[in-house]
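We have chain A already, so just place chain B on it with the hints.
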Amino acid sequence: MIGQRPAEMATKSPERFRRLVLVGPVGIKVGPSDKLDIPDIYALPESEVQKLLYDDPERMKPDTAKMSDDELAAMFRARETLALLTWEPWMHNPKLRRRLQRVAAPALFIRGESDGLVSQTYLDAYSRMLPDARTLTIKAAGHMPQLEQPAVFATAILEFLGE
Amino acid sequence: MRAWHFSENAYPYLPPADSYRSIRVSLPNRVYDPAKGAALYDRFIDEWLIAEDEGVEIMLNEHHQTATCVDPAAPLMLAALARLSKTARLLILGNPIANRRQPVRVAEEMAMIDVLSHGRLEAGFVRGVPYEILPANSNPVRMNERQWEALDLIVKCWTHHDGPFSHEGRFFHHRSINIWPRPIQQPHPPMWVSTTSTVGAAQVGAHGYVQATFLTGFDATKRIYEAYRSGWREAGRGQDVPIDRLAYAALIYVGETEARAHAGAEKLLWYVTANKVPLHFSNPPGYVPVAMNVQLARGAHNVVSAYGTKQATVEGAIEAGTMFAGTPDQVFQQIKKHWDHVGGYGHLLIMGQAGFLDHDDTVHGIRMFAREVYPRLKDIFPDTMASGTVEKSNPVANRQHASANRADGRHA
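Chains A and B supply the protein sequences, listed in that same order.
Numbering-wise (our numbering), the first sequence opens with residue 1 and increments by one.
Numbering-wise (our numbering), the second sequence opens with residue 1 and increments by one.
Rather than coming from a laboratory, the hints here were simulated on the basis of the structure.
Treat the hints with care, since some could be wrong.
Heads up, simulated SDA-like pairs for lysine to any residue below, C-alpha to C-alpha not over 20 Å straight-line [stated by the list, open to error]:
| # | chain 1 | residue 1 | chain 2 | residue 2 |
| --- | --- | --- | --- | --- |
| 1 | A | Lys51 | B | Pro278 |
| 2 | A | Lys66 | B | Ala300 |
| 3 | B | Lys267 | B | Ser26 |
| 4 | B | Lys276 | B | Ser26 |
| 5 | A | Lys29 | A | Thr155 |
| 6 | A | Lys35 | B | Leu134 |
Just chain A, same shape as in the assembly (with noise of 0.2 Å):
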C-alpha cells in the first residue's frame, strides 16, 4: 500500500493502531516548490524507473513473457490505481504534514538504502514530524526492501512489534 494511506488512517483514528510501521512511504512534501521530493516516475523511462525502484533491478524487474494476462492485467491495472491516488498533488496530501502529530503509536520508518523514491533527507523528515517515531535503512535494498530483502526486512519489522 503506498505509505501515504497508512498515514493518513493514523492521523484520523489513533486509538486504533498500537504501532505503525512505514516503508519507503510518500505522502507530505518537505522540499522547495520547484523541486519534486519524489522523481516523476512518469517522465522517465522504465528502464530508469527500475534503477529508482530496486536496489538490482537485473533480479527484480517484471519478466513479462513469464507473467499470464491476468497477472499482466493486474499490473496494469496497479499502475492505472496509482495513478489515481498519486497524480495530484504528485505523491502527497498537503494537509497530512500537519495532522501527522496526532498519531499516537510508536512508528518505524524504513527505506531500502538504494531507494532512488524516496531519499534519506525525506524520511528523516517525515519520520521527525510523529511524536513517537525512529527510522530504519535496509542495505542491497531499493524502494521495496520487503522483496529484496524480505529476512532482514521481516526480522526487523518482529521485532518493533515485540518491543
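For chain B alone, coordinates are given in the frame of chain A:
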C-alpha cells in the same frame, strides 16, 4: 465534400534529433527563437488566408510543449483568424477537452469566437494525445469519462438561456452557469470529435457529431467509420449517415508536375520523421485500456503513437493511405480509392504544411489542390450522399455514386 487547410504551426529549426530525447514535452524552449516564431506565425496566418481565398476552409489544432505544433492556446489563434478571415469556416480540432479543467470556460471561449466570426465556428474536441498529459498535469486515467461529461456540459452551456443552472457531475462542479455571450449558430455550433478507437467512434456517432480521424489509412479508417455508422444507426438517427458527418485527415500535396509534387510530399513527411517521442510519454497509465496494454506487452503494435510508426516514404505513405500526393489526376485517384475503401466521407482535412515546406511551395500545394482537385471532389462526392452505402442499401446515393463513377471513367 469540403476541404480544410490544416496547419500545425510547426517550428522546424531544431538541433540534430540525436541531441534530444523527445521533440515533445521535454525539449527545452531555449531552442525556440521568438523572432523566428513571430515570422512563422505571420506566414502561417497568411497561408490560412490564401486557402480561404481559394475557397478552402480553415482548420487549426492545439498541442503543448512541442515543436511540432506551436499553438498551445488554439482559441487565441482562432480569435485572430475570426477577425482576419471573412468567409471561411473556422474549425478548431480541437480543444483538448479531457485536459481542460473548466469546460465552462471552453464553452465561453467557443461562444465568443462564434460571435466574433459571425457564426463561422466549427467546434472540435479531442481527448488529447498521450504526450499532452504531463504538460497539462492531467490524470491519464478516466480521460474518456471526463471528455464526455465535459462535452455534454459545454452543449448545455450553449443551449441553456434561462439564467444560471448548476452542474454537479463526477468530475466537474458548478453552482451558477450562465455564459455570455451565447453562440450565434443555433442551437449551437457544429460539434466535431476526433477518435481513433471504434468504441469512441460509436459514441461520437450516437451523438451525431462529426467524426474526424487522422492518418489512419485504409483499414483502420474503415473500421472507425463502420463503428461510427453503427453508433449513429443504433441511436435511432436513421439508416443514412450523411457523408458530412465524417472527416479524414491526410498529408496532401498536389504539384503541377510529378517531380514538384514528390519534392513537396517529401517535406510533408517531416511530421512522420520528426515526431521523436519515447514510450513513457506516448503510453501513460490508463491512456489505453488494460486489455490493450496486455497486448502491447505481448508485442502488439502500439496504435497510440500517432505519426511515429507510419510509413516514412512518400510511396509507403501513399500506399498506406496516410498521404495523397502527386499531380492533380494522381491525387484525385488516390483520394477516390481511399474514399471508396472506407465508405465515404465529406471532409478532407489537408495537412498541407510541415517542417521545411516553405511558403511558396505550401501555397503552390494549396492552389493546385483548390483549383485542380477540389472541384472534381465536390462534383463526385456531393454532400447529399450517404456514407457506407455498401453496408446498407441506399438506392439514391448508390445510383449517384455509380453514375459519378461512370462519368469519371475509371469504374464501370
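*asked:* Next pair to validate is Lys29 of chain A with Thr155 of chain A; report whether the Cα-Cα distance is within 20 Å.
replied: violated (30 Å)
Hey, Lys51 of chain A versus Pro278 of chain B, does the alpha-carbon distance stay inside 20 Å? The given pair, whose Cα atoms are some 18 Å apart, holds under the 20 Å limit.
message = Just to be careful, I want the Cα atoms of Lys66 of chain A and Ala300 of chain B compared with a cutoff of 20 Å; is the pair within it?
response = holds (16 Å)
Agreement of Lys276 of chain B and Ser26 of chain B with the hint, judged by alpha carbon distance not exceeding 20 Å
This hinted pair holds, its Cα atoms lying about 11 Å apart.
_With the threshold set at 20 Å, check whether the alpha-carbon distance from Lys35 of chain A to Leu134 of chain B stays at or below it._
holds (16 Å)
- [ ] Below or equal to 20 Å on CA atoms is what counts here, so check Lys267 of chain B against Ser26 of chain B.
- [x] violated (24 Å)
The structure shown violates the earlier hints numbered 3 and 5.
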